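A.B. asks: Taking our numbering, I'd label the letters of the first sequence as residues 1 to 299.
Just so you know, the hints here were simulated from the structure itself, not pulled from any lab data. Note that the structure is a prediction, hence the values are computed from the model and not measured. Errors might be hidden in some of the hints.
Simulated pairs of lysine-lysine, DSSO-like, Cα-Cα distance not exceeding 27 Å [unchecked claim]:
| id | residue 1 | residue 2 |
| --- | --- | --- |
| 1 | K177 | K294 |
| 2 | K270 | K177 |
| 3 | K235 | K294 |
| 4 | K177 | K221 |
| 5 | K270 | K294 |
| 6 | K270 | K235 |
| 7 | K221 | K235 |
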Amino acid sequence: MPELPEVEVVRLGLAPAVTGAVVTAVDVFDERAITRHDHARGSFADRLTGRRMRAPQRRGKFIWIPLDPDPVVEAATPAGDAVLAHLGMTGQLLLREAWARPEDEPHVRVRVELRHPQAGELAVFFRDQRTFGSLALDELVTTDAGDAVPTQVRHLARDPLDPLFDDRGFLAALAVKRSAVKRVLLDQRAISGVGNIYADEALWAARIHPEQPANRLSRAKARMLLGEIRLVLGKALIEGGTSFDAQYVNVNGQAGYFAHSLNAYGREGKPCPRCGTPIVRVSFMNRSSHFCPKEQRLR
DNA sequence: CTTTCGCCCTGAGTGC
DNA sequence: TGCACTCAGGGCGAAA
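Taking the hints into account, I'd like the entire structure generated from these sequences.
C.D. replies: This is how it looks when you write it as structure tokens:
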């Protein structure tokens, strides 16, 4: 459920607490929470303990926190390394007092204890009900544009809120692909950060049927779609993200408000806010698509 | 190469 | 009340 806006809210919340902090202890309570980690180079806890964190970064739905160079294995990782996090469906990164007990709340998979030069001792809890999320220590690699990203993020396209997002490249990808336009929106190699909720919302705003073949969109329509993607992601970010239940929350455990602003997603049978036609839900790619059957026609 | 499919997982909700 | 079943879906790797 956490898509770009939710993940960005988490990154912004994490930043003041972790930037400059030193990891004093790492407890992994459930190994499934670190399935992204490559154990061949050492355990997650061993590699993270003692390291100093820099400012958190994000691309698409991935967050990472670059670390100051490790004095022990400096040569092995020329661009450095980082703690990488993907929240999956139900992952949460929560700021806690250092004395807070992980066993007092459900699904705490990992606890990272920090000492911050100003804020002092604190802890970050990684909670994850469905364990689709994961943490890892990952190597950074330098991209063509000169920025350093974890190896697991390398294959992702930039996200539409990234100033270096390749508008022309994305439009070209749409123009070439015969698959459903929604499939392209969910393909993180074409555009990252968009998930089921914001794909449905952007398609509704642009009046495009989710199963319209991407290459059948006019250039103008495709450009409008990209604009609506940026618009809906930006609005959701300002509202603190979309929360349906207690699953998505910021680092302080608070829900976002954007669920009230959804026009299509999760509104099956309810009137389209523009024309009143009941929103329909159809099965698509093992998930659901919600759209207005009157305004979003398959051509 | 593209596209599809199955798997990972838990708790809320539904139907009988 | 209880039990079986369905659903939510991001990422990834295997299969077609």
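A.B. asks: Tell me the hint numbers this structure goes against, listed in increasing order.
C.D. replies: 2
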